[in-house]
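Visitor: First to last, the sequence lines map onto chains A and B.
Residue numbers for the first sequence follow this note's numbering, so the first one is 1 and each next one is one higher.
Residue numbers for the second sequence follow this note's numbering, so the first one is 1 and each next one is one higher.
Please keep in mind that the hints were generated in silico from the structure rather than gathered at the bench.
Glycine included, each C-beta is placed from N, C-alpha and C at the ideal position.
Certain hints may be false.
[Stated by the list, open to error] Taking lysine-lysine pairs in the DSS-like style, the calculated list, with each CA pair at most 30 Å apart, reads:
{"no.": "1", "chain 1": "B", "residue 1": "18", "chain 2": "A", "residue 2": "158"}
{"no.": "2", "chain 1": "B", "residue 1": "86", "chain 2": "B", "residue 2": "444"}
{"no.": "3", "chain 1": "A", "residue 1": "420", "chain 2": "A", "residue 2": "262"}
{"no.": "4", "chain 1": "B", "residue 1": "495", "chain 2": "A", "residue 2": "152"}
{"no.": "5", "chain 1": "A", "residue 1": "210", "chain 2": "B", "residue 2": "495"}
{"no.": "6", "chain 1": "B", "residue 1": "158", "chain 2": "A", "residue 2": "210"}
{"no.": "7", "chain 1": "A", "residue 1": "505", "chain 2": "B", "residue 2": "571"}
{"no.": "8", "chain 1": "B", "residue 1": "158", "chain 2": "A", "residue 2": "216"}
{"no.": "9", "chain 1": "B", "residue 1": "465", "chain 2": "B", "residue 2": "418"}
{"no.": "10", "chain 1": "A", "residue 1": "505", "chain 2": "B", "residue 2": "104"}
{"no.": "11", "chain 1": "A", "residue 1": "452", "chain 2": "B", "residue 2": "418"}
{"no.": "12", "chain 1": "B", "residue 1": "444", "chain 2": "B", "residue 2": "397"}
{"no.": "13", "chain 1": "B", "residue 1": "574", "chain 2": "A", "residue 2": "571"}
{"no.": "14", "chain 1": "A", "residue 1": "262", "chain 2": "A", "residue 2": "158"}
{"no.": "15", "chain 1": "A", "residue 1": "395", "chain 2": "A", "residue 2": "322"}
{"no.": "16", "chain 1": "B", "residue 1": "86", "chain 2": "A", "residue 2": "158"}
{"no.": "17", "chain 1": "A", "residue 1": "210", "chain 2": "B", "residue 2": "397"}
{"no.": "18", "chain 1": "B", "residue 1": "505", "chain 2": "B", "residue 2": "495"}
[Stated by the list, open to error] Below, a sample of chain A positions facing chain B; criterion: calculated Cβ distance under 10 Å:
{"no.": "19", "residue": "6"}
{"no.": "20", "residue": "105"}
{"no.": "21", "residue": "241"}
{"no.": "22", "residue": "255"}
{"no.": "23", "residue": "256"}
{"no.": "24", "residue": "532"}
Listed here are the chains, written in short residue letters.
There are 2 protein chains.
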Amino acid sequence: MYRTHTCGELRIENVGQKVTLSGWIQTIRNLGGMTFIALRDRYGITQFVFDENTPDQIKNQLEELGREFVLKITGKVVERSSKNPKMPTGDIEIIAEEITILSKSEIPPFTIEDETDGGDEIRMKYRYLDLRRNPVRENLELRHRMGQEIRKYLDGEKFMEIETPYLIKSTPEGARDFIVPSRMNPGEFYALPQSPQTFKQLLMISGFDKYFQIVKCFRDEDLRADRQPEFTQIDCEMSFVDQEDILNTFEGLAKYLFLEVKGQKFEEAFPRITYEDAMKYYGSDKPDLRFGMKFSEITEIVQGKGFVVFDSVEYVGGVVAKGCSEYSRKQLDALTAFVQRPQVGAKGLVYVKCNTDGTYKSSVDKFYSQDDLKNWADSMQAEPGDLLLVLAGNKDKTLNTLNVLRLEMGDRLDLRDKNKFAPCWVVDFPLLEWNEEENRFFAKHHPFTSPKEEDLSLFDSDPGKMRANAYDFVINGVEIGGGSIRIFNAELQQKMFKALGISEKEAEEKFGFLLDAFRFGAPPHGGIAFGFDRWCSVFGGSESIRDYIAFPKNNSGRDVMIDSPSEVDEKQLKELTLKIVK
Amino acid sequence: MYRTHTCGELRIENVGQKVTLSGWIQTIRNLGGMTFIALRDRYGITQFVFDENTPDQIKNQLEELGREFVLKITGKVVERSSKNPKMPTGDIEIIAEEITILSKSEIPPFTIEDETDGGDEIRMKYRYLDLRRNPVRENLELRHRMGQEIRKYLDGEKFMEIETPYLIKSTPEGARDFIVPSRMNPGEFYALPQSPQTFKQLLMISGFDKYFQIVKCFRDEDLRADRQPEFTQIDCEMSFVDQEDILNTFEGLAKYLFLEVKGQKFEEAFPRITYEDAMKYYGSDKPDLRFGMKFSEITEIVQGKGFVVFDSVEYVGGVVAKGCSEYSRKQLDALTAFVQRPQVGAKGLVYVKCNTDGTYKSSVDKFYSQDDLKNWADSMQAEPGDLLLVLAGNKDKTLNTLNVLRLEMGDRLDLRDKNKFAPCWVVDFPLLEWNEEENRFFAKHHPFTSPKEEDLSLFDSDPGKMRANAYDFVINGVEIGGGSIRIFNAELQQKMFKALGISEKEAEEKFGFLLDAFRFGAPPHGGIAFGFDRWCSVFGGSESIRDYIAFPKNNSGRDVMIDSPSEVDEKQLKELTLKIVK
Numbered sequence: 001m002y003r004t005h006t007c008g009e010l011r012i013e014n015v016g017q018k019v020t021l022s023g024w025i026q027t028i029r030n031l032g033g034m035t036f037i038a039l040r041d042r043y044g045i046t047q048f049v050f051d052e053n054t055p056d057q058i059k060n061q062l063e064e065l066g067r068e069f070v071l072k073i074t075g076k077v078v079e080r081s082s083k084n085p086k087m088p089t090g091d092i093e094i095i096a097e098e099i100t101i102l103s104k105s106e107i108p109p110f111t112i113e114d115e116t117d118g119g120d121e122i123r124m125k126y127r128y129l130d131l132r133r134n135p136v137r138e139n140l141e142l143r144h145r146m147g148q149e150i151r152k153y154l155d156g157e158k159f160m161e162i163e164t165p166y167l168i169k170s171t172p173e174g175a176r177d178f179i180v181p182s183r184m185n186p187g188e189f190y191a192l193p194q195s196p197q198t199f200k201q202l203l204m205i206s207g208f209d210k211y212f213q214i215v216k217c218f219r220d221e222d223l224r225a226d227r228q229p230e231f232t233q234i235d236c237e238m239s240f241v242d243q244e245d246i247l248n249t250f251e252g253l254a255k256y257l258f259l260e261v262k263g264q265k266f267e268e269a270f271p272r273i274t275y276e277d278a279m280k281y282y283g284s285d286k287p288d289l290r291f292g293m294k295f296s297e298i299t300e301i302v303q304g305k306g307f308v309v310f311d312s313v314e315y316v317g318g319v320v321a322k323g324c325s326e327y328s329r330k331q332l333d334a335l336t337a338f339v340q341r342p343q344v345g346a347k348g349l350v351y352v353k354c355n356t357d358g359t360y361k362s363s364v365d366k367f368y369s370q371d372d373l374k375n376w377a378d379s380m381q382a383e384p385g386d387l388l389l390v391l392a393g394n395k396d397k398t399l400n401t402l403n404v405l406r407l408e409m410g411d412r413l414d415l416r417d418k419n420k421f422a423p424c425w426v427v428d429f430p431l432l433e434w435n436e437e438e439n440r441f442f443a444k445h446h447p448f449t450s451p452k453e454e455d456l457s458l459f460d461s462d463p464g465k466m467r468a469n470a471y472d473f474v475i476n477g478v479e480i481g482g483g484s485i486r487i488f489n490a491e492l493q494q495k496m497f498k499a500l501g502i503s504e505k506e507a508e509e510k511f512g513f514l515l516d517a518f519r520f521g522a523p524p525h526g527g528i529a530f531g532f533d534r535w536c537s538v539f540g541g542s543e544s545i546r547d548y549i550a551f552p553k554n555n556s557g558r559d560v561m562i563d564s565p566s567e568v569d570e571k572q573l574k575e576l577t578l579k580i581v582k
Numbered sequence: 001m002y003r004t005h006t007c008g009e010l011r012i013e014n015v016g017q018k019v020t021l022s023g024w025i026q027t028i029r030n031l032g033g034m035t036f037i038a039l040r041d042r043y044g045i046t047q048f049v050f051d052e053n054t055p056d057q058i059k060n061q062l063e064e065l066g067r068e069f070v071l072k073i074t075g076k077v078v079e080r081s082s083k084n085p086k087m088p089t090g091d092i093e094i095i096a097e098e099i100t101i102l103s104k105s106e107i108p109p110f111t112i113e114d115e116t117d118g119g120d121e122i123r124m125k126y127r128y129l130d131l132r133r134n135p136v137r138e139n140l141e142l143r144h145r146m147g148q149e150i151r152k153y154l155d156g157e158k159f160m161e162i163e164t165p166y167l168i169k170s171t172p173e174g175a176r177d178f179i180v181p182s183r184m185n186p187g188e189f190y191a192l193p194q195s196p197q198t199f200k201q202l203l204m205i206s207g208f209d210k211y212f213q214i215v216k217c218f219r220d221e222d223l224r225a226d227r228q229p230e231f232t233q234i235d236c237e238m239s240f241v242d243q244e245d246i247l248n249t250f251e252g253l254a255k256y257l258f259l260e261v262k263g264q265k266f267e268e269a270f271p272r273i274t275y276e277d278a279m280k281y282y283g284s285d286k287p288d289l290r291f292g293m294k295f296s297e298i299t300e301i302v303q304g305k306g307f308v309v310f311d312s313v314e315y316v317g318g319v320v321a322k323g324c325s326e327y328s329r330k331q332l333d334a335l336t337a338f339v340q341r342p343q344v345g346a347k348g349l350v351y352v353k354c355n356t357d358g359t360y361k362s363s364v365d366k367f368y369s370q371d372d373l374k375n376w377a378d379s380m381q382a383e384p385g386d387l388l389l390v391l392a393g394n395k396d397k398t399l400n401t402l403n404v405l406r407l408e409m410g411d412r413l414d415l416r417d418k419n420k421f422a423p424c425w426v427v428d429f430p431l432l433e434w435n436e437e438e439n440r441f442f443a444k445h446h447p448f449t450s451p452k453e454e455d456l457s458l459f460d461s462d463p464g465k466m467r468a469n470a471y472d473f474v475i476n477g478v479e480i481g482g483g484s485i486r487i488f489n490a491e492l493q494q495k496m497f498k499a500l501g502i503s504e505k506e507a508e509e510k511f512g513f514l515l516d517a518f519r520f521g522a523p524p525h526g527g528i529a530f531g532f533d534r535w536c537s538v539f540g541g542s543e544s545i546r547d548y549i550a551f552p553k554n555n556s557g558r559d560v561m562i563d564s565p566s567e568v569d570e571k572q573l574k575e576l577t578l579k580i581v582k
């Protein structure tokens, strides 16, 4: 038997007991006549003490021990003379009577502590050691808890978890597929799913009116900072529902998770904001609502005063930085430099200080009177002591820049507390999105999303104006999930494919089975998919999904620990009738 | 709003209520002046009735309806005059006031009823329709329930569910890998996991002492009847445990599932049988213990009596068929023919009828006296009224044939009730298995399985004799799971690779990361993996795992519904630097 207790379990009540613990040496410290070993496992740390009374045999064993050795130690629990209130086991320590070295350890390539000296690369190569560190372990514990609670909730709501296949068929829309050569069907390929979209729709047609799955999905994309070629979705679909039913159901899930996992109770309904308003007030379809600082457009009131920069543009607008009227020259210059960086790309930044004495000081005093500036301030609902930050230019571009500026000000003013959560729904997304390069429409959500009934008449006249029954779930400015009510008849689906430039032949080849299925009684249905990795990272207060994945890949799609991808045998390729041509 | 109730919900208490239901037309029957629609959803069937009082407008709508149309119907719940006690909703019916046709349906290619007229192929092509049938839906409901209960139990036991990657590295041992070309790393490939084996061992080295995952695995095998290229495992691993801990933990899981899912309580510990005994008494490492009929070896007592067939062989043994002494000539001939079929391959079958009057009648009366035959019967613990069935030949081959005969007799005597469950553990498997063709040892379980401590000395002298810390979990003669205590130090692991003919270079290339990890403090660990599809099928009383998979593939690895695998664009292959060479 390797242990009677874990390393996180013993308390003052256990004093006097003979116990056996197994774990890793976190630290071994020799303080003159006394030696202390802190033994670690998943549950905590327990201290072992060795002093002048320790038998020689054990003393000799101590000589060869080092960090990360795996020990089994039997001993007696005693009360500590100097207790450590920071450790749950800090009231006791153990006087060791027998030590067994289960495994030795070389000196690890980085120290296994909360704050480590290991860089990203070395920690990823030795990810199995990185996973020993508390913060990383806690991330996976959070993920485990989330997964279990999600299932508990959805099972309670009569959702069925149904596994859809991983070896499916390559589809044209969206990102690139990973493909898998079939040996039994030479020259043919499976594809790994980018999502179980078509299968969950088939399940609705099969009559499983509430489906979910926590499932791996795959996208062969050029990886940006926080993308992974394989990622996990909480994939959900319901039948006989409209948008309102879906939002209510999954708002229920989110509130349950906030309460069970984060201990935060949301009494009120989550805010719902249209895509149009989100763009207008936040310049983003995933607004961070932890703080206000909504945009105000002031184009009309600033034009015609002789300031040519403003007069010539489509849009002038800005945000109010509460209580920042005392910003120094240096601070204002820094903000200007920030928005002028190439990746943000503003030409300049206009400021107006609303002084506490009721006067105004701006960077455009030459063109605007005190009354003009008061007019701006009133229009933007600023008060004495506030600072107006104003940008001008092409409308879409400027809204986008204002978004970056708003988030930066949120950071500077400490308004983006990672322990505070502001969820919201963004609704009424456009159905289609024009792609300049390819000179055609793409589906904003995906080709199975239904247009709003009242916009159907625009299909032939002005398709770009059509709104979709599509919605996103956003927390703290991060898109956590998105979904839509689906098209459920073959004619409308074919019309949609046509609008997307997918030929009838191609549609038949790729989605024939779905169009077929629509012919045998498809129910109205819709759903949502949440990014599980991302939801975990937002709950954990991290910006990176990688921290919440046990074995992530790097930006080149490599697993540096197992050194994959790698070359395969010529024989293996031959069986697959494949040849590499570089 | 599409519904106020499901089609399985309304009872006599609801009489008088106005309700709205949505679902599929199961049947529509016109009986003279009355029309009945049975509306179906996942939850049940509710009857709607139309009679002379039905408004004309609705009567006209009825004309165009057919099976599998999707309707929304509003109406009033009334008590049925002739109740149907077989239906949960059989006390009531609904007088329809408004019908909306949500979707029309063409006539389905087979009838959507419990007993269908659709053959396997057509049902697979239209799997989304097949899934509408009650028995298929119930299979997936069982699977859902199993999945949730497994998680609930393991979470309660402090297991953590941790997702391991799907895009990993091709490994040499075991079945063929499916491989996935990497576009970002031209000429290199990922492999899909045959199991998360190495990752779960790394997680143990990381200190996650209780891990599980319900996870898809992939094997590119030539598919036998009941194999799938992708299948689901309940994958588990624990640290600081020996075999006893693992068996107890997962016996707990199995008992929990038997109780929660099948309503069967197992008070006693599951039988444990060594591999040696399983082969000796049942000729199989997965004995069906729903019935006895253990083999008795009688080689010694039958030899030397002048019957040359018995005298010349390695093994003579048989089974006792209780109460079958009155078997007719025809029945005995049929049994003989059964064991002589090429796929069974026995030369012949010797029988002894133990007559109720105390005499014996056998097919070898010429060679054996009544006393001899009494001796056989006593040795095999037969009683008057029983029938002895005896086979002879090479030992392994005959044990195998006796196994087939025993199972056949079990079927003929109705001893294999699919609602009765006989679980057991098979333990002490051999470590290695000699492969005649390749003239080398293979790992019986897998290369990470540890030899029994007491057999370690055989490693150099007689490796084939070594027993492993390996075990299988068997229900009703079906292997549900298997596992082992793992090797946890690099030297022994390398010795094992060597015994398997895996060179040091190859081991380093394929498993270097695991051998590396062993150098930094690996805990003793072991685990088990259950075939989830198979466990579901055994619980469901089916012989086929395919019935418990939502979208299975056929024996050529094809999904005939989506027509996959399929060809991909030349462009796609080019991006992957691949060319097809047939």
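Visitor: Under the constraints set out in the numbered hints, which ones does this structure not fulfil?
Guide: 2, 4, 5, 9, 11, 17, 22 and 23
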